[in-house]
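Asker: Sequence:
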Amino acid sequence: MTDDLSTLASDLVVLASRLTRAVRREVEHPAGARTLSLLDEHGPSGVTALAAADRCSQPTMTATVKALSEQGLVDREPHPTDGRAHVVVLTDAGRAELARIRHANAALVTARLAATHHTAEEVATTVAVLRDVLDLHPQEDTTP
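First residue of the sequence shown? That's 1 in this note's numbering, and the numbers climb one at a time after it.
I should point out that these hints are in silico values taken from the structure, not numbers from a laboratory. Computed from a predicted structure; not experimentally measured. Among the clues, some could well be false.
As the list claims (entries may be wrong) - Derived pair list, reagent style SDA-like, types lysine to any residue, alpha-carbon separation capped at 20 Å: (1) 66 x 85; (2) 66 x 76; (3) 66 x 95; (4) 66 x 56; (5) 66 x 55; (6) 66 x 30; (7) 66 x 89; (8) 66 x 44; (9) 66 x 79; (10) 66 x 34; (11) 66 x 49; (12) 66 x 31; (13) 66 x 84; (14) 66 x 92; (15) 66 x 113; (16) 66 x 107; (17) 66 x 48; (18) 66 x 40; (19) 66 x 33; (20) 66 x 78; (21) 66 x 42; (22) 66 x 52; (23) 66 x 37; (24) 66 x 21; (25) 66 x 97; (26) 66 x 26; (27) 66 x 86; (28) 66 x 54; (29) 66 x 43; (30) 66 x 77; (31) 66 x 93.
To be verified - The following label-pair restraints were derived from C-beta to C-beta distances: (32) 135 x 108: 21 to 27 Å; (33) 118 x 24: 17 to 23 Å; (34) 13 x 76: 51 to 57 Å; (35) 135 x 11: 19 to 25 Å.
Glycine included, C-beta positions come from ideal geometry on N, C-alpha and C.
Produce the entire structure from the sequences given, and follow the hints as far as they go.
Answerer: The following block contains the structure:
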């Protein structure tokens, strides 16, 4: 049984990654979409923390934040406890863009699901399993 679970766990990771790549090929995700998602997940964060969460360099994240700021999708605010630092926050426009991206992702996956025999209950179980797995090992807190 452990070997079966291990194989299924591996398949889960591989297939989740493939689904993500398939969606990204078919749905336009603007540069910086991952950063918007990280801010939604973790809340206001410093550039260094965002770079660590995204596994990129600080200069890369600085450029991403600058571009997102120029588009009005993020803003910089004073750090709540360190007067010398700033945190990056989502703006209302950033939340709206993230919602647009997620809606487009959902529309694509919904269309693909409609072409299968799977029920809404099966999909709900799959989502519940993914939530449970992610909650078992929460990502390291990257907020300042």
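Asker: Could you tell me which of the numbered hints above are not met by this structure, giving the numbers in increasing order?
Answerer: The structure breaks hints 15, 16, 24, 26 and 34; every other hint is satisfied.
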